[in-house]
Amino acid sequence: MASINSYCPATAPSTAKAFKNSKMFSGLHCMKLFPANRCVSDVSLIQLGPKSFFNIRSEGRIKATLLSGEGDLRSHHNGTNVAAKSTLLGDLSTGIEIQPDSIALGTLAAETTPTTFGFPSDNGEFDLDLPTKGFSSIPEAIEDIRQGKVDDEDRENEGDLIMAASKVTPEAMAFFVKHGTGIVCVSMNGDDLERLELPLMVASKDNEEKLSTAFTVTVDAKHGTTTGVSANDRATTVLALASKDSKPEDFNRPGHIFPLKYREGGVLKRAGHTEASVDLAVLAGFDPVAVICEVVDDDGSMARLPKLQQFALSHDLKIVSIADLIRYRRKRDKLVERSSAARIPTMWGPFTAYCYKSVLDGIEHIAMVKGEIGDGQDILVRVHSECLTGDIFGSARCDCGNQLALAMQQIEAAGKGVLVYLRGHEGRGIGLGHKLRAYNLQDDGRDTVEANEELGLPVDSREYGIGAQMLRDLGVRTMKLMTNNPAKYIGLKGYGLAVSGRVPLLTPITTENKRYLETKRAKMGHVYGLESGIISQNGKPRSDS
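Heads up, the sequence shown is in my numbering, so the first residue is 8 and it goes up one at a time.
Please keep in mind that the hints were generated in silico from the structure rather than gathered at the bench. Possibly wrong hints are sitting among the right ones.
Result set (SDA-like, lysine to any residue): computed pairs, CA atoms no more than 20 Å apart in a straight line [to be verified]: (1) K487 x A529; (2) K276 x V366; (3) K487 x E419; (4) K140 x A330; (5) K521 x S365; (6) K338 x P146; (7) K276 x S365; (8) K276 x K140; (9) K487 x V366; (10) K140 x D323.
Listed next, with one range per pair, are the computed distances between beta-carbon atoms [as the list claims (entries may be wrong)]: (11) G452 x I190: 30 to 38 Å; (12) H230 x E150: 30 to 38 Å; (13) T517 x D382: 28 to 36 Å; (14) E371 x E201: 47 to 55 Å; (15) E379 x S468: 48 to 56 Å.
Even glycine gets a Cβ: it sits at the ideal position worked out from N, Cα and C.
Work out the full structure: start from the sequences and follow the hints.
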């Protein structure tokens with residue numbers, strides 16, 4: 008037996024509608040108590056008066072849902088909010104204030120949260136294949152490299168000219184020398200450098216170059232060159248480095264070409280020009296050898312982005328960013344491998360746990376699967392970011408632990424679904440130590456965004472490619488995604504998963520987490536409830552949406 012005790016000071020609710028399927032109750036009045044048996048499937052919309060107060064009690068141990076609400080997050084004149092905190096209630100009483108003019112849609116079952124169909128900004132703005140503004144797309148750059156053209160690549164407001172080493176000509180080399188620093192480098196993988204006996208210029212531990220670029224000893228080709236410095240001689244040396252038939256004795260040391268050691272994994276391991284140039288060459292169908300040279304302005308200074316864009320336009324070059332290349336590869340490369348699986352009996356019910364290991368950094372992630380995925384259509388999915396303080400220790404600063412529990416409960420109630428638990432996402436990607444430092448700043452008055460920025464850290468550095476690949480490996484094809492975060496919604500769509508609907512995860516708003524949740528709504532675009540207007544007050548899609 009569960010009961011709801013309501014208290015409305017001074018006045019009764021402005022519109023008192025009956026609770027559906029509730030026995031012994033015909034309206035909501037001040038200080039009235041009514042029982043709700045376990046067959047209750049929904050509670051009707053109630054318009055509340057000023058500072059209405061709710062208690063939820065139960066006798067014994069049955070599942071119930073706490074109506075929650077406090078402040079701006081629960082005040083929407085034309086939306087609804089779904090009760091969120093499901094728990095086993097013993098002799099527990101919880102009082103919650105709901106502000107005037109707010110509307111609450113509550114139920115005594117976890118599975119009744121309505122599904123929406125997107126966020127207000129659900130469009131192509133965050134398509135992973137769309138280039139950064141002012142840059143060309145990665146496929147355009149790949150096609151240019153395939154045709155033997157020079158491309159311009161930007162990293163942190165500096166640019167390099169790049170092309171596939173096997174396509175270099177004296178004319179292309181003259182262009183590199185004329186518009187670059189004159190230091191022409193050839194990016195190569197470690198196997199080829201070992202084959203040609205080209206050791207690093209300094210050991211990695213002694214490398215003091217600001218970007219830790221892995222320079223080897225410099226070389227000139229022995230055959231077909233004179234001084235080694237002319238455009239013709241440099242092109243000859245580059246072609247010799249790119250040839251699989253070359254031998255160590257085919258080169259003079261030192262020389263005028265600077266080989267660079269490519270880090271395996273490319274831009275997914277190191278966001279450098281060395282790695283980006285080789286990645287683009289390989290994507291264009293060539294061997295992993297590329298030529299790069301930094302671009303300089305007419306006065307000899309390093310060319311910055313505005314000048315780089317003018318330069319690319321005047322010479323008909325494609326200009327791409329390393330950030331775009333990273334997104335391109337994350338969407339297409341295999342990032343995880345399944346390592347093991349086992350049955351896990353949980354407090355919510357039995358699940359099967361699947362462990363996945365990242366091929367990039369070795370971090371292990373877990374997917375909790377309920378039931379059979381079948382054809383993979385319309386699967387209830389939660390992609391949850393690791394939060395040690397909230398998930399394990401029950402920190403009240405955030406809603407992470409509550410969201411995790413609610414998601415598991417909803418998947419159990421649905422009888423089929425997946426929760427992906429991504430490790431390495433602590434503090435939206437900044438790590439546990441930095442998160443605790445940010446907490447101190449929040450105690451001094453900053454919000455969660457301001458604290459990260461003051462520490463010189465990104466507001467949110469998470470990416471969801473690994474989670475998307477785990478879901479695809481499990482057979483998920485379309486999903487009802489449990490999230491309030493548009494970045495997560497759009498991020499997973501960007502990795503080839505179709506999102507058929509969004510299920511809000513609404514958990515209790517407390518004194519401790521109120522500002523945190525409001526900051527996520529106001530500054531990070533999180534959507535609580537049905538603010539998008541796509542869902543009407545009865546929890547169903549609007550006919551005109």
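Here is how each hint holds up against the structure:
no.: 1; hint: K487 x A529; result: violated, 24 Å
no.: 2; hint: K276 x V366; result: holds, 10 Å
no.: 3; hint: K487 x E419; result: holds, 15 Å
no.: 4; hint: K140 x A330; result: holds, 12 Å
no.: 5; hint: K521 x S365; result: violated, 35 Å
no.: 6; hint: K338 x P146; result: holds, 13 Å
no.: 7; hint: K276 x S365; result: holds, 12 Å
no.: 8; hint: K276 x K140; result: violated, 24 Å
no.: 9; hint: K487 x V366; result: violated, 28 Å
no.: 10; hint: K140 x D323; result: holds, 17 Å
no.: 11; hint: G452 x I190: 30 to 38 Å; result: violated, 49 Å
no.: 12; hint: H230 x E150: 30 to 38 Å; result: holds, 33 Å
no.: 13; hint: T517 x D382: 28 to 36 Å; result: violated, 41 Å
no.: 14; hint: E371 x E201: 47 to 55 Å; result: violated, 31 Å
no.: 15; hint: E379 x S468: 48 to 56 Å; result: violated, 35 Å
In the structure shown, a violation is registered for the earlier hints numbered 1, 5, 8, 9, 11, 13, 14 and 15, in ascending order.
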